[in-house]
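Undergrad: Chain order of the listed sequences is A and B. Start counting the first sequence at 1; every next residue gets the next number (this note's numbering). Start counting the second sequence at 1; every next residue gets the next number (this note's numbering).
What the hints contain is simulated information worked out from the structure, not anything from laboratory work. Heads up, some of the hints might be wrong.
Lysine-lysine pairs mimicking DSSO-like chemistry, simulated, CA-CA at most 27 Å apart [stated by the list, open to error]:
#1 A:Lys57 - A:Lys42
#2 B:Lys78 - B:Lys11
#3 A:Lys68 - A:Lys58
#4 A:Lys71 - A:Lys58
#5 B:Lys78 - A:Lys42
#6 B:Lys11 - A:Lys42
Spelled out, the chains give:
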Amino acid sequence: GENVEQHPSTLSVQEGDSAVIKCTYSDSASNYFPWYKQELGKRPQLIIDIRSNVGEKKDQRIAVTLNKTAKHFSLHITETQPEDSAVYFCAARGGNEKLTFGTGTRLTIIP
Amino acid sequence: GAGVSQTPSNKVTEKGKYVELRCDPISGHTALYWYRQSLGQGPEFLIYFQGTGAADDSGLPNDRFFAVRPEGSVSTLKIQRTERGDSAVYLCASSQSAPTDTQYFGPGTRLTVL
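Take the sequences, apply the hints, and build the full model.
TA: See the structure below:
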């Protein structure tokens, strides 16, 4: 089955700086890669996703890049703000159609 | 419109007891998923329904876990003879029609087995 690894597990950045979270996956048949943001005690919320037919997608301060050859994808948050502080999860949908999640990155924005 | 809802929000039970967790998906969503999230981990897939049928139940850890969706809308996750290791947040998600569609999560049920 699919295996998703996520790094780093914790990340602290100064407000206004950029944050990058990286994930790798194992199933070459994976074709859908969402990113979820989860605040403490809240539900995971989709912030951006990318499908395997594109290499990059951007939505305001958030962007995701995908390298299918290397089987990795990354989340980029620019001009970080205090409200960006949360746990971020990457996920990959493999050939078995299940979403497999990474172990999460706790992002802290330092004012 | 209304999002995915789950009840109860918290459930405390004793080892060996039976529990039922309920999920109300977004209206019109035919696909429904159950996940389990342990502290400090990402959601772990349990089961996926397409309509009334379980399309994939390969994530259920053992035969103490069972889920139903009799009318293709509300789903109930049932856990028999609960164990302390079952303590986790149980998340439900729904998507419009297929796993390729965006999955929207409910707030989860925090299950604590004493």
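Undergrad: Now look at each hint and say whether the structure bears it out.
TA: Hint-by-hint comparison with the structure:
Note on A:Lys57 and A:Lys42: the hinted pairing holds, with a Cα-Cα distance of about 26 Å set against a maximum of 27 Å. A hinted pair counts as satisfied when its Cα atoms are at most 27 Å apart, and B:Lys78 with B:Lys11 qualifies at roughly 13 Å. Between the alpha carbons of A:Lys68 and A:Lys58 the distance comes to roughly 18 Å, so the proposed pair stays at or under 27 Å and holds. The straight-line distance between the Cα atoms of A:Lys71 and A:Lys58 is roughly 19 Å, inside the 27 Å bound, and the hint therefore holds.
Among the hinted pairs, B:Lys78 with A:Lys42 is consistent with the structure: their alpha-carbon atoms are about 23 Å apart, no more than 27 Å. In summary, the hint linking B:Lys11 to A:Lys42 is supported, as the alpha carbons are separated by about 16 Å, within the 27 Å threshold.
Checked against the numbered hints above, the structure breaks none of them.
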